[in-house]
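Q: The residues making up each chain are set out below.
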Amino acid sequence: MEPLAENRWTKLIALLEPFHEQAVATSRRLCRSSAEGDDLYQETVLRAYEKLHTLREESRFRSWFYATLLNRHRTRMRRSFWRRLLPWEQAFPNGAEPADRNSGDRAEEIMRARRVARALATLPAVQREAVVLFEIECLSIESVASLQGASIPAVKSRLARGRSKLRSWYERHGDVPGVNAARGGSTPGARPARAIDTGMMHESLAIPVKESSHG
Amino acid sequence: MANLHSSAPGEESTPDLTNDLRALRDESARDPLSLAQHVVTIRTRRLQAAQARRAGFMVIKESVKSRPWLASGVAVVVLAVAMLIIPISYTRTTGQQVALKLVGLSDSQLRAVAAQLKALLHSDHVALLTMSESGAPSYVLETFVPSASGLNAAMIAQAFAKSLSDRGYPATAVTTPVRERVSGSVYAYAKDLVIQVSTDGKTSAQIEAEIRQRLAEAGITDAQVSVTDEGGGRKVKLSVQRTAQAGQPQPPESNISLQLTKDGKPITGPGLMVEIKRTHTASGMTLTLDVTQAGKTTTIDVPHADTMTDAQIKAEVEARLRQAGIDARVSVTNGQIGIESNH
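From first to last, the protein sequence lines are chains A and B.
Counting in our numbering, the first sequence runs from 1 upward without gaps.
Counting in our numbering, the second sequence runs from 1 upward without gaps.
There's no promise every hint is true.
[To be verified] Each computed DSSO-like pair below joins lysine-lysine, with the alpha-carbon atoms no more than 30 Å apart:
| no. | chain 1 | residue 1 | chain 2 | residue 2 |
| --- | --- | --- | --- | --- |
| 1 | A | K51 | B | K101 |
| 2 | B | K262 | B | K314 |
| 3 | A | K51 | B | K277 |
| 4 | B | K202 | B | K162 |
| 5 | B | K162 | B | K101 |
| 6 | B | K277 | B | K237 |
[As the list claims (entries may be wrong)] Not the full set, but computed from the structure, chain B residues with beta-carbon under 7 Å of chain A:
| no. | residue |
| --- | --- |
| 7 | L21 |
| 8 | E27 |
| 9 | A29 |
| 10 | P32 |
| 11 | I42 |
| 12 | H122 |
| 13 | D263 |
Keep in mind that the hints were calculated from the coordinates and are not lab data.
By construction, the Cβ of each residue, glycine as well, lies at the ideal position given by its N, Cα and C atoms.
Please put together the full structure from these sequences, using the hints given.
A: What follows is the structure in structure tokens.
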């Protein structure tokens, strides 16, 4: 890679590192799944890399990056228009986590998260952003307005409408079938799992290494 | 971690909704890939996209040359396929089945490896198979990576297996393409279509009719086809225009190729391959041309082309082609671009 391009990556990584994990989390909250959220985040990072020369003040990088994230999110929403025509089951497949001895609370948390992710997916992009940024990221109305490039009354309206739609969704769907799919079953259309259930799948452990050095 | 905002100003929340939002906050913050891992993935995808583009991701191959009865002029072909909605049934690769074989790992280590594999491949789930070989237990972690993910599953799995082996955990990865019979648009099917037309003993009109028919069989009914006799030779032109709106679903790239043959052999020559895209955004229309001639490729972007005159567009494209060392003449009429080789 050319030296200039490599320098640009180095600079971008240095600017992004302080809030990388938070930005990943925000991306995931805007999307229907962690995988989709990671895709959105990578698109945003790539866009930031391509447009880094337009950043005037490095002190404003964070808000600049988040604004880019929201733009990419809206672009992806427009691109995925046709997915809305899919039957519900195809658009929101019930992904079953492999059985886990310690399912309990964790499984319920996962299903809660998926349920609200499904509900958020039914909102227009700007309402979804407003709800995620205000309710989950705990930004102020003024901060949300600044990131969305909208007025404060507009953000308040988006929040009100978004919450109203979410409440309606919960009233209509209530206890959706997918919420209780944590303990087995298969994902419609997914590859059949030929696994022997050892109850060993759990996502939270970091991989141990025999040696202390890393590549 | 800060508490959620309990409600928007003046609004009330349902307990389920509040708890679910809290769960989403916590779950979405779990196990993020490191920034370095994200950057590696981005750079890999970027490189793959650039390679696919250079390989002629969307190609119309045109050649009339080096036969006494063929003209030295080479037709310029621009092919873009409009989205079609006629469903047909065909077979295609839907994804990759990845199997990672491991030996000598404990339960906790297997969990950790499965979690990392799942994260690297963005899989929905990972299945575990336990086997016994010569009395010793071995394990296979299996997962499915859809083609739509855009990931090079084989490369990632191999790299992961190598990193495990280097750290003292013997591992091998096997990736198998999964092919299924699916229904899709004719456009999707046409992605791998090669149209071969023999010129033996045929007039220009017959060749033109045959090209039209073969395209129609592939579902492309709005192509502009012209085969004419000029200067003792033959000139072939084929064009299908497409226009994309930024932010709208982009028609996927296709690999439709037109190949003319004589005596069973492809006719080749210093052809010119051109791909033209017009992308409309709120700030205007950007014209993008990918031009390849005799191994030289250049991409020409003309932003705000909708505000330029035909003469301005022609001058800009000609200048860029000269810079790239491509010998061609450009014509622009009412925004429609024609590029022909000077050979």
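Q: Determine for every hint whether it applies to the structure shown.
A: We went through each hint and held it up to the structure:
1. K51(A) - K101(B): Violated, because 42 Å separates the two Cα atoms, which is more than 30 Å.
2. K262(B) - K314(B): The hint is violated at about 35 Å.
3. K51(A) - K277(B): Judged against 30 Å, a Cα distance of about 22 Å means the pair holds.
4. K202(B) - K162(B): violated, 57 Å
5. K162(B) - K101(B): Holds: K162(B) and K101(B) sit about 12 Å apart, inside 30 Å.
6. K277(B) - K237(B): holds, 18 Å
7. L21: holds, 5 Å
8. E27: holds, 4 Å
9. A29: Nearest chain A Cβ about 4 Å off; hint holds.
10. P32: holds, 4 Å
11. I42: holds, 5 Å
12. H122: holds, 4 Å
13. D263: violated, 46 Å
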